[in-house]
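Q: The primary structure of each chain is shown beneath.
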Amino acid sequence: MRNVLPWREPVQLDGTMGEPLARGRFGEYGGRYAPESLVEACREVDEAFREAWADPGFRGALARLLAVHAGRPTPLTPALRLSQALGVRLYLKREDLTHTGSHKINNVLGQALLATRMGRRRLIAETGAGQHGVATATAAALLGLEATVFMGERDIERQALNVFRMRMLGAEVVPVTSGSRTLKDATSEAMRHWVGATGDSHYCIGSVVGPDPYPWMVREFQRVIGEEARAQCAAELRAGVPDHVVACVGGGSNAAGTFAGFADTQARLVGVEAEGGAGAARGRLGVLHGCRSLFLQDGDGQITEAHSVAAGLDYPGVGPEHAHLRDLGRARYVTVTDEEALAAAVRLARTEGIVPALESAHALAWVIRAAGDGDLPAGSTVLMTLSGRGDKDVSTFKELL
Amino acid sequence: MTNPTLAAGAVERHLRARRDTGRGLLMPYITGGITPGWTDYLRAFAAAGADAIEVGLPFSDPTLDGVTIQQASQAALARGASTRGILADLSGLPDLGVPLVASTYYNLVLHDGPAAFCAALRRAGVDGLIVPDLPVHEADELTDVAAAAGIEPALLASPATPQPRLAEISDRSRGFVYAVSLMGTTGERAALAASAAQLTERIRRVTDRPILLGFGISTPEQAREARRHADGVVVGAAVMRRVLDGAGPDDLRVFLTTLRQALDQE
Numbered sequence: 001m002r003n004v005l006p007w008r009e010p011v012q013l014d015g016t017m018g019e020p021l022a023r024g025r026f027g028e029y030g031g032r033y034a035p036e037s038l039v040e041a042c043r044e045v046d047e048a049f050r051e052a053w054a055d056p057g058f059r060g061a062l063a064r065l066l067a068v069h070a071g072r073p074t075p076l077t078p079a080l081r082l083s084q085a086l087g088v089r090l091y092l093k094r095e096d097l098t099h100t101g102s103h104k105i106n107n108v109l110g111q112a113l114l115a116t117r118m119g120r121r122r123l124i125a126e127t128g129a130g131q132h133g134v135a136t137a138t139a140a141a142l143l144g145l146e147a148t149v150f151m152g153e154r155d156i157e158r159q160a161l162n163v164f165r166m167r168m169l170g171a172e173v174v175p176v177t178s179g180s181r182t183l184k185d186a187t188s189e190a191m192r193h194w195v196g197a198t199g200d201s202h203y204c205i206g207s208v209v210g211p212d213p214y215p216w217m218v219r220e221f222q223r224v225i226g227e228e229a230r231a232q233c234a235a236e237l238r239a240g241v242p243d244h245v246v247a248c249v250g251g252g253s254n255a256a257g258t259f260a261g262f263a264d265t266q267a268r269l270v271g272v273e274a275e276g277g278a279g280a281a282r283g284r285l286g287v288l289h290g291c292r293s294l295f296l297q298d299g300d301g302q303i304t305e306a307h308s309v310a311a312g313l314d315y316p317g318v319g320p321e322h323a324h325l326r327d328l329g330r331a332r333y334v335t336v337t338d339e340e341a342l343a344a345a346v347r348l349a350r351t352e353g354i355v356p357a358l359e360s361a362h363a364l365a366w367v368i369r370a371a372g373d374g375d376l377p378a379g380s381t382v383l384m385t386l387s388g389r390g391d392k393d394v395s396t397f398k399e400l401l
Numbered sequence: 001m002t003n004p005t006l007a008a009g010a011v012e013r014h015l016r017a018r019r020d021t022g023r024g025l026l027m028p029y030i031t032g033g034i035t036p037g038w039t040d041y042l043r044a045f046a047a048a049g050a051d052a053i054e055v056g057l058p059f060s061d062p063t064l065d066g067v068t069i070q071q072a073s074q075a076a077l078a079r080g081a082s083t084r085g086i087l088a089d090l091s092g093l094p095d096l097g098v099p100l101v102a103s104t105y106y107n108l109v110l111h112d113g114p115a116a117f118c119a120a121l122r123r124a125g126v127d128g129l130i131v132p133d134l135p136v137h138e139a140d141e142l143t144d145v146a147a148a149a150g151i152e153p154a155l156l157a158s159p160a161t162p163q164p165r166l167a168e169i170s171d172r173s174r175g176f177v178y179a180v181s182l183m184g185t186t187g188e189r190a191a192l193a194a195s196a197a198q199l200t201e202r203i204r205r206v207t208d209r210p211i212l213l214g215f216g217i218s219t220p221e222q223a224r225e226a227r228r229h230a231d232g233v234v235v236g237a238a239v240m241r242r243v244l245d246g247a248g249p250d251d252l253r254v255f256l257t258t259l260r261q262a263l264d265q266e
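Residue numbers (the UniProt record's numbering), protein chains in the order written: chain A, 1 to 401; chain B, 1 to 266.
Keep in mind that the hints were calculated from the coordinates and are not lab data.
Just so we're clear, the structure is a prediction, and the values are computed from it rather than from any experiment.
Where a beta carbon is used, it is the ideal one built from N, C-alpha and C, also for glycine.
Don't take every hint at face value.
What the hints assert, rightly or not - Which bits of chain B does chain A cover? Going by a derived footprint, with three or more residues having C-beta under 8 Å, they are:
#	region
1	62–69
2	183–196
3	237–249
4	254–260
Stated by the list, open to error - To be clear about the criterion: a stretch of chain A counts as covered by chain B if any three or more of its residues have a C-beta under 8 Å from a C-beta of chain B, and this derived list gives those stretches:
#	region
5	20–33
6	186–199
7	216–230
8	294–301
Start from the sequences, fold in the hints, and give me the full structure.
A: Structure representation (structure tokens):
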């Protein structure tokens, strides 16, 4: 479906993507809609995060982990041949070059470090595409923690390589057989498990979703993407800031981290969702997994299953801050189809020598489409976060191409 | 703290009156729409001596429920159960002599809006509401409109709840305080958790509202033990496992009668 809307000038340049309002609210979204048994655990995470984030010692330790273990800063790569073909200047923020192959490591190293500071000895995580699970297993191994990763049975089938990687890293991978057997159900199961394990375990949520403080905390741990990119654009671009900043959105963590670096600029922010998992573009107000946000629902208020070729975008909702950015008009959310994403992946492989994750290919698919139909004006500069590499998707590529 | 007796609605008045006679309270749970003639279970529950009945409105993503209630919710949804349909079924029931308390996740409350949702409950003859993912600090949006509609929202208290928050929960809860016996999900357990006694004792210090203990209470022995601490018990997974295994209303009447007798003996 075409989704061409007239651009609005960015509004709310100041104060957006700062600290949330009282009770973890981003506008009317967010909050802590957790079972009472988890409220105290959320409060402890909130208190520990606030304290750690204000502590130069913690920030320094995290910066060092990101540098020496995750391989930051990641480069900003001009996509020269593709730019020439599209008539725009496209720059890729290369989160695919981080250790473990996606932006997920930024957040997980932050949360794992926080968990050790809180005296926790185990990480609980959910994963869709497996990237967050691999990152969690990696950080746990690095810091001497245990890791238990919940993963939908269907995702286990389509992401066998990542399942093997997690197990090799010492994590326990628990198949989830309820519901649609994908990320939504893995998240529910991880929450249920956390209820019985708050004493010794930290729930390491992988996206900007969940009860307060998770959407804010995860965005802050991912902010490093946007801040690095901002500095790199300042050095690289004549205007200092790109005209457009584009990222794919499942729950929306790489997009939130990227947008945070540009929220106070004139750059137009674009979140690209999967056609079958378009929480921001087509969701309605609801509460799921601890937060109030936009979710795909049927006429009775039941959460409907998302469908995407990219397991990481197979989530029926979007983080509360994205819902808020949408309402403000500060960011625009668009959708692309599986076919467009697959074609974009091939095009990037053949023009730039980069095989992107299927999730990231969604963002690129929109850039290609928008450059073609004039939604992106000729000559404009575009920063796109390449959130992960496509190794994990090779079997899907083989099957569908 | 407000005067709970003055604020009491139908559920609380009913439970207080029965408690004051020395009776241990029994609130069995049924997933709405689980079988074609599912309201027959309600009649059986009342016949077995239930003091209130919890009717679950199934939700696709029950994040506080263990395997049994999850399966029941999925089974009910698979056969087309919906909030509207379940409430329509309840509307057609004669008075069972005990209050009905709906339970569901907040997404379903928010779907039509808390005011419309509570009004629909009231029209169906429901008096109370339990929303496990709506903790006290998020409950403002619901509590005022619920009061206006005559619905009593009972709040949950957990072993992890600090004492000042427990006081707030007990104060703002209506009908009864739902004491979650353990740090875990719903489901049958081999023994009553030690945390159950401590929690009910801590709640008792801050309220005289009825305290119902739930999560993990599956046998007459556990009900008897729970009664030593709380005013009564909620029994969910032990009922639903039997329903999922094919037990009919009469079978459940027999099972609940054993719990009734256990509570009466204590």
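Q: Hint compliance check: list the failing hint numbers for this structure, sorted ascending.
A: As far as the earlier hints go, 3, 4 and 7 are violated by this structure, in ascending order.
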